Structures are given as structure tokens and as C-alpha cells.
Amino acid sequence: MVGTPVLFIVIPLLAAFIIPLTGMVWKNSVRIIPGIVLSYMLILSISLLWHITETGTVIEVIAGWKPPIGINLVFSPFSGFFATLMIFLGLLVWVYSYKFKRNIDSEPALKYFILLMLLVTGSVGIVLTGDIFNMFVFIEIVGISGYGLTSFYTRRDSAEAAFKYLFMGSIASTFLLLAIMIVYSQLGTLNIAEIADKMPMMSNKLKVISLIFFMLAIGVEAEMFPLNGWAPDVYTQAPGPIGAAFAGIVAKAATYATIRVMFTMYDLSGAMDFLIVMGILTFIVAETTALRQDRLKRMLAYSSIGQMGLVMVAFGIGTKEGIFAALFLIFNHAIIKGLLFFSGSYLVYTKKEKHISDVNGMGKYLPITSVLFTIGAFAIIGLPPFSGFWGKLAILTAAADSKMVALIAIILSVSVLEAVYYLRVVNRIYFFPKKESMETQKPTINALIAMISLGIIILVIGFYPDLITGFIDRAAADLMDKTGYIKDILTINN
Amino acid sequence: MEKYLEILNYAIYGAAILLLLIGLYGALTKKSLIKIVLGLSIMDSGVHLLMISIGYLKNGTAPIFSPGHENELAKMVDPVPQALVLTAIVIGFGVTAVALALVIRLYKHHNTLRIDEIKNLKW
Amino acid sequence: MDIINIILLVFLAGALLTAFAGKVSSIVQDTLFLITIIVPAILFFLNININSETVISLSKIQLTFGLTPLSLFFAFIVFGLAILAGFYAVGQMQGKKRKGYLYFNFLLSIAAMFGILVSKDLVSFFIFWEIMTWSSYLLVIYNGKNVQQIGIKYFVMSAIGAYAMLMAIVIVHSLTGSFLISDMIDGFADMSAGMKLLIPILLLTGFGVKAALMPLHIWAPDAYSNAPMSYTSVFSGALSKMGIYGMVIVFMTLITKLPQESLIRDIIAWLGAITAAISTLWAIKQDDAKRLLAYSSIGQLGYIVVGVAIGTPLAMLAGLFLAFMHGVFKSTLFMVVGAVEKQTGTSNLKEVTGLIRKMPWTFLAALISIIALAGIPPLGGFVGKWMLYESLITSNHYLLVTLVFFSSTAAFLYCYKFLFGFFLGQEEKEWAHVKEAPAIMVVPMLILSAISVVLGTFPQLILKPINSALAFYGMPDTYNNLWKESMIFNKWGDQVALTPIVYGIAIVFVIFAVFLFFKNRKTSRYVTTKDISTSGEVPKEYENLTFKENFFQPFLRAVEPAMRRQMDKYMLAFAKGLEDLFDFTRRIYNGNGQTYAIYALLFVILLLLLSNNLFS
Amino acid sequence: MKKAIILISLTILGVYLIDIFTGIGFGTQHFASGVKDAYLIGSKETLRVSNVVTSIVVNFRGFDTLGEVTVLFLASMALGGILYKKRHDVGERSVLFPSTRIVMSGAKLLFPSIVLLGAYVFIHGHLSPGGGFQGGTIIATGFLLMLITYRNYSVSHNRLSWVESLAGVLFISLGLAGYFVHDSFLANVFPEGKLNDLFSGGVIGIIYVAVGFKVAAELTGIIYTILHEKD
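Protein chains in written order, with the numbering used here: chain X, 850 to 1343; chain B, 8 to 130; chain G, 619 to 1234; chain P, 356 to 586.
Wrong hints could be hidden among the right ones.
To be verified - Listing some non-contacts, in silico: residues in chain B with all C-beta distances to chain G over 10 Å: (1) Leu-31; (2) Lys-65; (3) Ser-73; (4) Asn-78; (5) Ala-81; (6) Thr-103; (7) Ile-111; (8) Asn-118; (9) Leu-120; (10) Ile-125; (11) Leu-128; (12) Lys-129.
Said to hold, decoys possible - Sample of chain P residues facing chain B (criterion: CB under 10 Å; computed from the structure): (13) Asp-538; (14) Glu-573; (15) Glu-584.
These are calculated hints, taken from the structure and not from any lab test. None of the values given here were measured: they were computed from a predicted structure. For glycine and all other residues, C-beta sits at the position ideal for the given N, C-alpha and C.
Just chain X, with the same shape it has in the complex (with noise of 0.2 Å):
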């Protein structure tokens, strides 16, 4: 064992608080201490996942107190699955960008990794908090760090989608707050795991009506549907790895924030109803406009809305199979949606309009990234033998177990959709003219490494699942496991 759940935060906030000193000395200590912070919290997060197939859930508690009294994080197969997906693409984005602009040495650049670390950091402490407030905390973080980064670049129309993010993230930081509040004053406490113990204490009446705070709050990062009109802006805008970053690592621990709240907290019937219809409402809407999309990212952000919303039609089947099905979606759409912002922004570098005909021919110019956007699209699609099919047979399969033919007929045809607007784009990339007088950007060295790995990952589990499903496994049965999940927090002894 390397270390404990808590340096997950200390040691990326112990850099961000040092870099800025170290980058007086030694410029290119901002670019590189992430990366190593990063690959650091990787090999963490690893040994950690590994640690607790043996041991059982790690919880750690800060300051010495206990649970309920003081913070505890909880790294359990089901978190540490999340934590471990999210700082590996963090640290893939890392990579990528590495060399990501030329003129990345000037100042506001530097702060692109600082930021991008503390992305990275507080969505694993969304991930690994067992404290509401804590967790409020956490948000807030990301969305700070998200602003930022989305507002990187001074020339587009960046400021536009940060401030809609920050409009809609301080709306729900209120309701969240509130929320929090209302269930502060029933069961005075702020620990997840003792809440659900107490949840039956509520009125119902108070628990509805914070579950709607609730979801207000968390929905709105989780890309809900009516609620996440700023994500295509923000994917837009911000840089190309960050797009990323968005799909993969903030909508994630979004997701994951709902299933806290809405499966452990909450024991209410209809919730996890509701969860089918608003992930069905967002996948629905989100992939027909995607089909709509005349700009290849906002195109990419649309798709990726729609599979978040698919990943909570996942959750809400409510199932072992369904949660199954919900991670192994969560983890193909990290990967998938990370190669395919990554080799598309290569893909319309040089375009400042970033329209999907800007890709015409590039297959001829860049031949490996379209290669690798192309194993992308076909794998987010849902075709085998790339990873994206087992996810798709996995949430059928659980839909059909949970006898939910007309969700399986919704979903495949929408899927119908999902593959228009992909293929529309391959086409383009190899069987198109080349438009007139357009330079290309070759991708770098580091860029390369970071597509090509996600490319082989997205293959190598398409041939052979097996390789994560046993960790997807302990995973679900870990959030099936509600009442483990409150002893085990509550009854500790450190």
C-alpha cells in the first residue's frame, strides 16, 4: 500500500499551493509537477483498488474523529472504480496537453495544469467524501477549476459558456446548500452513511422536497435534461482535452454524487423511476440534437450528454445488472469520449469554426488520428468489437432482465440516431475532398501517446471485457450493498 485515501486531496492541493512558488524558479516545474502529482495518484488509486479486494473498503477519518463527528473518506471498490477512472484520464488529458499550444509558456497557460489537477482532485473528493457538506465542498471546487478552464481561451466566445456554467453552477450550489440544510435540521448530521440510517426519521414530506433540491444541484453537473443547456457551450469552448476532461471526469463524479444521494441516501419508491425517465428525457433530446450539429465538438457534447443520460437509465433500472451496466457504460464513455475530443480537436485544429466539414479528406493528412476517431466513433456506437458494445449489451441485457421492452426499443432506436451523426463524420474524414487552402496540425508526440493508448484500451476490453468487469463487478454488489455500506462507516474502529 502506498498511502491512504486522504493524500488523494493533500498532495495534488500540498503542489497547487507549491507551484506557483517552484514556477518563479524553474518555468516548466508547473507543467511537470501535475503530471507527476497525477501519475502519483494513479499508482495510488491502483494499489489502493487492489488493496481492498482483500481487505474490504478502506475508510479513512480526518482529524481523528469518527464518524459521524468528523470527515471520513471512504475508498470502496465502488468510489475507488470511479477515483481510478478519473485520474487515469486525468492524467491522460495531462499528457495530452503536455505540448498541447505552442505558446503555452505564457502565464495563464501554466495555470491550465494547476487547474486541471484540481479538476482532477476534486472530483475524486466528490468521489471519496462520506460528508454531504464535504462533498458540497468538492463541487464547488470542480466548478471553480471548470470555469476557469473553460475561460482559458481569451479569443472565443469562452467567457459566454463559462459564465452560463457558473450561472446555472451557483443556482445549484444555493439549492444544494438548502438541501443540505433541510436535512441538517431533521437528522442533525452531515455524514452520508448516517443519514441513510436516519432517513426514516424524515417526514416524507421534507424528503421529497430535498431530494428535489437535490437533484436540482446534482443535476445540473450531472448534464440533466433540463438543466444542461451550459454543458455544450462549456465543451465547446474550452480546450479540446478538457472537453475531455468534462465528459469524463466532472460528469463522472456528477453521476456518481446522484447515486450517493438518490440509492444510499434516499429510500424513496420512486426515485429510481424518476432516474429512467430523466436519463431517457436526456438521451432522447441530447442525441437528437446531436444529429442536428453542424460543429464537430458540440456534436461530440451533445453525444456525450446523451450517454450520461443513458448511464442514469442505467442506475435507475436499479438492478445488479443495471448498476453493472451503468459502470461498464461510465467506463467506456471515459475512454471512448476522451479519444474522441482528443483526436477530434486535432481533427479541426487549424478551423476556427470547428464545423463538421472542416474534417473532409483529413483521413489523407492525419491518417492515425482519423484512424483512432474512427475506432471511436464505431465504438461508441455500440459496435463490436470495440468496448462499446459490451456496455450496450449490458444495460439491454439488464433492461430485458427488469422487463423493460418499450426502454430497450427507445434506447436502439436512438442508438439508430447516434450512429447518423458518427458515420456522417467518418465519412467525411476519408471520403471527401479536402477542402481548399487548409493547413493541418500534426498531432504531437505526447498527443499521440495519450490517443493511441486510450485506442488499445478501447480494443483490448473490446476483445477481452473481462479485464474490468471483475472490478465493475465488486463495484455494483459495493453499491448494492447499502446496509454494508453504513456499518462498515459507522462502526469503525481506527
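Assemble chains B, G and P onto chain X, guided by the hints.
Just chains B, G and P now, kept in the frame of chain X:
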């Protein structure tokens, strides 16, 4: 008379909720970005006030064991919401600062503060 | 490691190597490509073992592979065509770009077809089905012509089919707890009535797309004609048969257990017949040889579907026999078109004329295949069609047989048009330079033509495997009593009854030909079409004496009402309508941050108002 | 129309909220057993910190505070990124009204006492109402006063960075000391002392001082960045 006083007890809740609604109204209807940010701040304040008042105990004292008051444990108001509000205020400040910075940039970029004219990104 | 896994791995490794071998040398690439086709075929045929099963265990799913007699029969088609088309492709791709791309996808789709045939569970079936779909999709858009429309149309239709199938698969899994095809068949009887109806319909939709059954056929004409011809010969010859393969299984195992059995059979048979009729008419109308053949393929698949759907032993035999024959002669014809296109640069029947003397071997292959296609004795097509007619009549489908017979007769028209267009008619100067296609392209065509000829006389060569395949699914053994089933077979069981007559005619024909040849040896003289000055008027060079313009115009005018309603247009209109709808709905993202916040408020209000109903 | 919908919606929301909160009740204990009592007792007995809010903010829920400090840090960093200009012109700021001599002298006079007050507030954060955030804010107001009074008053960015970073590092190092000594991040490593002593509460006072410095530096930085925007 006591009944009215009972209602007056809830005045602070009412005020807080009113603040929340006023802030929300401002954020949702005003066109100026600055006013929207103000609205968001007011909304935040409303929630903070609400939080504080939830922790209040009638005739309670501050949760400080000042000399001579070491044993007034039962009378002390709930310190937790106060601690939370402290955190929430600081976070709200950070968000507001970022929001204002964004407003400055939006104004430079679009030369207007009207939110319905800043719609380059849509559909 | 079982032989099936090895074959699949060989395919995969070979495909990858071939794709990148182009960097080394073109010859190496060609060789690798051919090796990758031939080696698995040899491995497969040396190790046929019906009873063995391979299981690849994943934690959630077990992928099971094994052979059935039915898949063995289809594997013959796939491997046979793949090898011949492979050689042909090497010839056709000489000096073309994107060779690695074609080889890679070609191999992958062959591998996928093989995978489909050896899959014993639905998941691996589906996996290979999808691999087949996307690899063929990548080849359909190979030429880059109008890919946005053609490619997307193909893929969308395929996706609709595949997803229908996937839906059936997961439902079956939820009902039986297993993905095995055999478990599906066993458990089918216990399912509820609704599911019993739903599952076969979904599966048939899936297979119907690949078999180009109305109304799911709209992708086919474009896709067949747009893919490179070396691949289209496999595409039409073997890949479409995967749909037939699935249909056979569904009809023999699931439909028979349904209360609505005869209804579904009739509906599908009628759909097949209508497909055949309509697409035959469309084929007549085409001026492009590729499109003509594409429509013809759809029509032929229609016959096959009729046979499979009717499902009497004779009809099944006829269907599968036709499937085999169609694979043989249609891929020959596509190869012919490819050869002509390679040599002349176009496949338009109006432009190319009089190649009979330039490309005699190609003509020979075309002639034989056209005869087989038209169903004229003594070639293979005739046997199949006869059996089909007879089975329809004996099972009292008189209207159906009329329709089938009509389209079969109408098919003569396009057969003639095809043959005439390319090979007969006046020789234009434009095509004077045309030479015969290289041997590597011609030989596969001739081999396939030879198969057509042989099967006309010795259909039992292929009827025997068909019979054992059907027997596996519980069809009564008809092979030894074929004469009871159809009057085309004689009592001795293994010969076509007409064979003596055919031989008689053939011998007379040959004698006559020899006689003519010797008689006219000295006096015959080659004349061009323009050499008709003896009738008094000397035609000018530019005058077009062929009647290729408006071929069969009166006939087409007569059937025009039937062709006015095009499925294509309806579907396109539907798609357009959907897109407009989505354009409308996406306006909810109107770009104003405030509006988004209002959505959030309304979301909360709505939930608050509905909270009593939502949560309890 | 839009406004009407919003007003109606807000009314509904208000009705629901009032309904909830009158249900919750004001000025009474709402829950049977909560963490509140544990905090009160723990603060008095174990931590020996008389200001319970401080012990919650710094120790019981110190992790929140770490996050909070990070939020501020992030805000100042994001602000710098958003309002970034190629060359930092430290020249004169544009002000609507130039300050008069009275204001100038007054500001000079007030500034040290404001800073002193701020320092007092965060040093005594564990004894009396106040603490690092409050004290830091007070100090920042001192700088704000100077900045708006004197057009060319400038704060060295580097110096702010140093203060900010060192304070942050101090906070985390104290936390890590607890991690290495007591296996628990932020656990107390210094003697607790006596209730109501200046040197009581172990690390809590020190951490709050660090927080005070950090907040002061960050707030000043934020104000400084925004003030330097030219329109």
C-alpha cells in the same frame, strides 16, 4: 398577542426566504449581467441566513466557552450551521469574484452587458 | 485451442498484416491477402467436425462456437466465393489506391461471415453480424461516391435490423437465462404469446435487412452497385445469404411453434414475392449494369425468401438450392461487370457495346451465368426454379406462384439487356482498344460458370448437404425420396429427370454447331454492324443502329404505375421529417443563459407539484 | 409573459419553502441526537478550544476548510487567467474621483490599525468570535482602502504569491504532521493547553493563522486583479 409573537418568530425565516426569492427573481428576469450576479449573491445570502437561523436556539448563547460560561453547554446554539455558513460564504465570494471577472471579459468581448444579446453559442 | 479460434485468429492477424503490408510491397500484400483467405478455408475443410464445441468463457457471457450441418452448407458458399473473389480482387485491384483498406475489410467481413456461421450463441452471432455490417459498410463507401447518402442508408438499415435482432436477443436472454441458440429454441415453447410473436418478428426484421426483403431493401441497390465489384460478388453472393441463413433457422425452429404459423409464413412469402416482382421491374429499367444486377440480386433473394418462408421440404430445398446457385451466378455476373468496368472504365450498358470479340471469355462466363439466372435448362437455375414452382403449387399458393412466375419471366428482359448491352451490338471505335481482362480475373469467373453448368445436371451434389442441413433441424429426410417430392427428379433419386432430354438437345445442338462450323468455315466473314450497305442505304459512322436507348420502353410504360411508389422516397421523407423535428426541438437550447436557469426553476416547480405522484 | 411565469413559479417555491420551514420550527432543537453535542463536548474536553465554531471549522471539519481555502486559491487563479493581459501594466488605475488629501492621510492612518485588527481577529480565532477568514478579510479591506485611495499604490504579485503559497503549505504540513504522527490527517500534534488560553487548542490556532494569511493574500490579489481592469 402571543400568537402574533409566534408568527414573528418565523419572520427571520420569512426574510431569508424572501431574500432567496428576490435574488432568484433578479437573476432570472434582469437582463444586465451585473444585476444577475447581484441576484445570485442575494440568493446566496438568503440561504446563508436560512442556515444560521436553523441552528438558533431560543434564548441560546454563542457556542463559545468564554470564561465564566464554561458550563452553558445546553444553552448554546448549534455551532455546525455557523461553521458551514462560514465555508459557504467564502465559496460564494470566490464564485462571485469569478463571475465578475467573466462579466468584465464578456463586456470587453461583446461590448454589452445584456444577457440576451450574448448568444453566440446556441443550439 | 480449437480450430475455429485458430481460423478466426488467422483471419484477424492476416487482415491486420495485409492492411499494413502495402508499405512493404504490393506483391507481398496480395500474397498475404490470398494466403489469409486460403489457409483458413483449408484448415476449415480439413477439420470439419459437426459435434465439437468451443467455449470462450467470459465472466458474464459464454461464447460458444460449433458447426451445424446448415452452417457447413453456408460455409461452402462463403469460403468458395471468398477464395474466387479473392483472386479476382487481386486482379481487379492491380494499380489501384486503398488496396490495404479493401483487403482489410474484405478479410474482416469474410471472417465475420464465418463467425456468424459457427456461432452457437446469440451474442457471438450478433458480434460477428455487426463486424460483418461495418466492414461491409466501409467497403460500400469505398468509391467515395455519394457516401453520405448511400453509406448512411446502408448503415441505418443495417442498424435497424441489427438492433431489432439485439432486442430479440436480450429478451430471449431475460426469458431463458441463456444466450445459446439451442436454449432459445428449447425455451421458445414456454414463452408468453406476445413474446412468441415478438421475438421471431424482431429476428426476421434483422435477417430481412440483410436479405434485402421489402420494405427493408432500400439500401441494397446503391450499396451493391457502389461497392467495388470484387467485393460485391461476395456481398451479394455470400453476405446476403447470412440473412437467409438466419431466416432458415427462425422458420424451421421458432415459427413452427407459433399458433400464427401459416399467417407469418404467408406474409413473408408474399413480401418475398413482391420484392422479386418489383425489383425485377426496376432491374429492367436500369441502364447501369451494376444497378441492374443489384436489383436482380434483390429479386433473386426474394425467390429464396419465398422458398424458405413456405417451408415445405421441397420449398426449403428449392430455397437453399437457389441460394447456392444465386451465390454462384450472381457473383460471376458482378465479376463480369467488374472486369468490363476495369477494361473500359464504365459500367453503363448504353455506352459499352460489342465486347464479345474483345472479351470472349468474360462473355462466355456472362452467357452461362445469365442462362443460369434466367432459369433456362439445363443450367442450375432451372432446377431451383422448377422446384420452387412445384413446391408453391403443391402447397396451394397459386397466386404466389403466378407472381413469382411473372417476375421470373420478366427477368428475361433484363438478362437480355445485360448480355446485349455489353457484349452484342455494334462495335464502337471507342472500345476498340479493349482487351480481355487478366487471367486472374477471368479464371474465377469461368470456374463459377462451370459450377453453374455442373449443378444443372448434378444438383444432388449440393442437394445432399442441404438435405442433411435441413434434417438437423428436424425436416424429414427427403434426399433418398426426392422423386416423391418433385417430378424433376427420377425414381433413381439422383438425377434430374430432364437430363436425358437435355443431353439429347445438347447433343443435337452441338452436332448442329459443328455442322455449321464446318460448312461455313470457308465462306464466313466477319461483318460489323454498320456493314449493311446491301440494303441500299449506307449508314453514317455516327448513326446509332443499336436499340439501347429506351430498351423495353413499352413494357416499362405498362408497368410504370407499379413502380411509381418508391419505398425510398417514403423513407427519405420520413427521415427529413425527423430531422426537421429535431431542428425544432433543439431550439430549447436557445443560447440564453437565463433561459437555462428558468428551465431549472421550472424543473423544480414541476417536481414539487408532481412530488406526491412521483415519490411515495 | 416570461415574468409572469417566473413570478408564479417563485410564489409556488416560496409557499413550499415557508411550508417546510414553519414545519421545521424556529429556535428549537429539531433533532433528537446530532453531532452538535459531540462537537461541543469534544471542543471543550479534547481540543480545549473555547470557540466551538473554530474547532469545527479547523479541526472537526477541517477538511472542508482545506477545500474552502482551495476554492479561494482557485478563484484567484481563475481570475488571473480570465483577466489575463499580456503585459502587466502596473501604472495608474483609472478612478472616477481622485481622492482628496483628507482621504489619503486618513487611509494611511487607518491602514496599520486595520491590519492589526485583522491580525488580532485571526490570532484569537479560537478564543473569541472570529478567525482566519474574518481576520484575513479585514486585512484585505485595509489593502482595498489603500488601493482605492492611492492610484499608484501597488502590491507585489510575487510577494502575495509567496504569502499565499507558504500559508497553504503550512496548513497542509500541519495536517500532514498529524497524518504521520497520529495516522490521521489534521490530527493535533501539539499540546492542547488550557481552555481559554491563547496557546490552547494545539495546531488549531496555528492553522487559523495560516488561513488568515492565506485569505488576506488571496483576497488582496483578487481585488488587485479586478481593480487593474481597464474598461
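So, going through the hints one by one against the coordinates:
no.	hint	in the structure
1	Leu-31	7 Å, violated
2	Lys-65	30 Å, holds
3	Ser-73	43 Å, holds
4	Asn-78	45 Å, holds
5	Ala-81	37 Å, holds
6	Thr-103	16 Å, holds
7	Ile-111	16 Å, holds
8	Asn-118	18 Å, holds
9	Leu-120	13 Å, holds
10	Ile-125	8 Å, violated
11	Leu-128	6 Å, violated
12	Lys-129	3 Å, violated
13	Asp-538	25 Å, violated
14	Glu-573	9 Å, holds
15	Glu-584	5 Å, holds
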